[in-house]
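As you go down the protein sequences, you meet chains Y and R in turn. As numbered in our numbering, residues 4 to 387 make up the first sequence, in order. As numbered in our numbering, residues 195 to 521 make up the second sequence, in order.
No wet-lab data here; the hints were simulated from the structure. Because the structure is a prediction, the values reported are computed rather than measured. A few of these clues could be false.
Claimed, not checked - Pulled from the structure, derived: some chain R residues nowhere near chain Y, Cβ distances all over 12 Å:
no. : residue
1   : 418
2   : 484
3   : 516
To be verified - Derived CB-CB ranges, DEER-like:
no. : chain 1 : residue 1 : chain 2 : residue 2 : range
4   : Y       : 213       : R       : 388       : 48 to 56 Å
5   : R       : 322       : Y       : 369       : 40 to 48 Å
6   : R       : 251       : Y       : 362       : 49 to 57 Å
7   : Y       : 343       : R       : 251       : 41 to 49 Å
Said to hold, decoys possible - With the C-beta cut set under 8 Å, the calculated list includes, among others, these residues of chain Y facing chain R:
no. : residue
8   : 112
9   : 114
10  : 115
11  : 122
12  : 123
13  : 124
14  : 129
15  : 152
16  : 260
17  : 351
18  : 362
C-beta atoms are modelled at their ideal positions from N, C-alpha and C, and glycine is treated no differently.
This is what each chain is made of:
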Amino acid sequence: MTDAAVGPARARGEEMVQLLDATGARREHPGYDVHLEPDEALDVLRELVLLRRLDAEAEALQRQGQLGLWAGSRGQEAAQVGAARALRRQDHVFPSYRDHGFLLARGVDPLHVLSLFRGVDHGGWDPVAHGVHPYTLVIAAQMLPAVGYAMGVQRDGAVGTGDPGRDTAVLVCFGDGATSQGEAAEALNWAAVYNAPVVFLCQNNQWAISEPVRQQSPVPLHRRAEGAGMPGVRVDGNDVLAVLAVVRAAAERARSGGGPTFVEAYTYRMGAHTTADDPTRYRDAAEVDAWRERDPIDRFRTHLRALGVLDDAAERAIQQEADAFAERLRAGVPQMPDPHPASMFEHAYAEPHPQVLAERDEFLAAWARHEQDEQLGSTVGGDR
Amino acid sequence: MERTPIAKAINAGLRAAMERDPRVLLMGEDIGRLGGVFRVTDGLQKDFGEHRVLDTPLAEAGIVGTALGMALRGYRPVCEIQFNGFVYPAFSQIVTQLAKLRARSRGRLSVPVVIRMPAGGGIGSVEHHSESPEVLFAHTAGLRVVYPSTAHDAYWMVQQSIASADPVLFLEPERRYWEKGDVDTSLAPGQVAPLHRARVLRPGSDATLVAYGPTVKLALDAAAEAAREGTELEVVDLRSISPLDVDTVAESVRRTGRLVVVQEAPVFHGAGAEVAARIQESCFYSLEAPVKRVGGYHLPYPAARVEEHYLPTVDRVLDAVEQALAA
Numbered sequence: 004m005t006d007a008a009v010g011p012a013r014a015r016g017e018e019m020v021q022l023l024d025a026t027g028a029r030r031e032h033p034g035y036d037v038h039l040e041p042d043e044a045l046d047v048l049r050e051l052v053l054l055r056r057l058d059a060e061a062e063a064l065q066r067q068g069q070l071g072l073w074a075g076s077r078g079q080e081a082a083q084v085g086a087a088r089a090l091r092r093q094d095h096v097f098p099s100y101r102d103h104g105f106l107l108a109r110g111v112d113p114l115h116v117l118s119l120f121r122g123v124d125h126g127g128w129d130p131v132a133h134g135v136h137p138y139t140l141v142i143a144a145q146m147l148p149a150v151g152y153a154m155g156v157q158r159d160g161a162v163g164t165g166d167p168g169r170d171t172a173v174l175v176c177f178g179d180g181a182t183s184q185g186e187a188a189e190a191l192n193w194a195a196v197y198n199a200p201v202v203f204l205c206q207n208n209q210w211a212i213s214e215p216v217r218q219q220s221p222v223p224l225h226r227r228a229e230g231a232g233m234p235g236v237r238v239d240g241n242d243v244l245a246v247l248a249v250v251r252a253a254a255e256r257a258r259s260g261g262g263p264t265f266v267e268a269y270t271y272r273m274g275a276h277t278t279a280d281d282p283t284r285y286r287d288a289a290e291v292d293a294w295r296e297r298d299p300i301d302r303f304r305t306h307l308r309a310l311g312v313l314d315d316a317a318e319r320a321i322q323q324e325a326d327a328f329a330e331r332l333r334a335g336v337p338q339m340p341d342p343h344p345a346s347m348f349e350h351a352y353a354e355p356h357p358q359v360l361a362e363r364d365e366f367l368a369a370w371a372r373h374e375q376d377e378q379l380g381s382t383v384g385g386d387r
Numbered sequence: 195m196e197r198t199p200i201a202k203a204i205n206a207g208l209r210a211a212m213e214r215d216p217r218v219l220l221m222g223e224d225i226g227r228l229g230g231v232f233r234v235t236d237g238l239q240k241d242f243g244e245h246r247v248l249d250t251p252l253a254e255a256g257i258v259g260t261a262l263g264m265a266l267r268g269y270r271p272v273c274e275i276q277f278n279g280f281v282y283p284a285f286s287q288i289v290t291q292l293a294k295l296r297a298r299s300r301g302r303l304s305v306p307v308v309i310r311m312p313a314g315g316g317i318g319s320v321e322h323h324s325e326s327p328e329v330l331f332a333h334t335a336g337l338r339v340v341y342p343s344t345a346h347d348a349y350w351m352v353q354q355s356i357a358s359a360d361p362v363l364f365l366e367p368e369r370r371y372w373e374k375g376d377v378d379t380s381l382a383p384g385q386v387a388p389l390h391r392a393r394v395l396r397p398g399s400d401a402t403l404v405a406y407g408p409t410v411k412l413a414l415d416a417a418a419e420a421a422r423e424g425t426e427l428e429v430v431d432l433r434s435i436s437p438l439d440v441d442t443v444a445e446s447v448r449r450t451g452r453l454v455v456v457q458e459a460p461v462f463h464g465a466g467a468e469v470a471a472r473i474q475e476s477c478f479y480s481l482e483a484p485v486k487r488v489g490g491y492h493l494p495y496p497a498a499r500v501e502e503h504y505l506p507t508v509d510r511v512l513d514a515v516e517q518a519l520a521a
């Protein structure tokens, strides 16, 4: 039986921060707590539901040929929504490539991530305006830049001032597979050496495509922190309250000048790695079923029902919003225009590069010529 | 400024850039108290502080990756890679992130990072200290690659590289670090040659020698030797590998009709091949002979006791010139 099948509560006997158990019952934790007002709690549920809907719609759009590929986030909603909620406006996120929850939480139009998977661009959002770096597809390659950015934050004096609108944390996302990369080790070490204001958020979803986490590491991932010289915390990644509490504490520690923290959000990738993957080749349905019982959204919903915060009317309102959201995605994706072919020449360099400029001119001339030929050809064809 | 070794000229250029712009930072291994293994950053940490001259952990991907992050935050980091053969742990950061981030973000992000490294051989050193990796970077779109050969250019080009909005690989001819030259520090910014402009260092009418970095001196020596036999060689210093100033070379070749390219890097798939291809495209009818290339062999850089046979020499350059003139 794999560790993943044993489930989070007993995972290798490691302590794991939990504020909601798998049935949705509230748990106390000596180190972490969180209180949400009813409106905010409903807003968290709303984000969880929208994120899952984004995933479902994107998968369907890929099946219809509207997207080239989709890297799903199903099962990881609580880890993403909870962590994103712990951040402030001035904080900066370095995502990997299935961190769609951070985009939604930070006000990025989801069409800007669907455009990436459609092949229109590499992600259409403004990284500065939203505080979210472009998606990074090379495993772990966003980690060192995140640490460098955090060193820049330090230099700007935006750490430890006590001003809640100024002190800044950097959160970098990566997965269990990424922890095997050399750059991950460098990033942890570097952040600790410079006491950089970074939250390392490892979403351990148990699978790096077909490789289970035990093939990445013989020790629980959060224990990497100890060797690097920073606190490491394992949190139930399917418990949105616990993730929020743990990441909030880590971000606050970063902002106050306390240095970096490693957070392992213990979760599960419910879907395929991407739409090009077939997980039935490498994992048992029983394992997936076991994790389905710990669904992060059901868990939070049960909790809110028990509190009396969520009633049928509120549920209906969220579902209606999700339907409208989905409709907008379904309508928006097929209407995305392809970029002008010559636009590929636009941003390779900030300053002119004569060889690139010459190639662009050659391309445009050839393109105009071929377009003309094609038009001519179709006219002739029509006459025949 | 009095006659200055190249290493000191780069040092002075770094100092000028740091004085002008507080966002300029130096990062690297042993660049602080030691002043770098070639002493290029000598005294800068003492004068600007540990806050601006960072002795980093020994991790090249870390140096470049964190420099990129600091550039995103508005800083202008200048990384030193201790030796050319040690750049490869950073290769992924350079090629997949630094070079592409501007295009990936549709121009919304700029990463003005300079990566300095000593390059080329001829110093009798051990493995990985004498390589010429310029085309690995020149072949990567999004990067600029420059390679000064004189103290004057080293002083100005390092400042121009730091001022560039694009990431720049700044190669330094390690066997020329202590060769002196005149540096005119009094030039106004508009008087300095553009970063990517090639320069004719010696006029001549019989053939054109194109060189860059450490082979420029070699080309000048070969030209002096040829002149004693009555052959006038024009020497063009490329100064920049990407972009390439083809116009200056073509203008020379149209007059001389013959071209020999000299580089330390392996000839196979090297910068000389690109120059040769561009020249036959742009001045095919002016060429009186096939373009010749002189450079390293397609081999791992050899042990120091045989490197003089691997590196181009005046004799090999003159042999190539002779063949070009005979054709």
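Ascending list of hint numbers which this structure does not respect: 6, 8, 9, 10, 11, 12, 16 and 18
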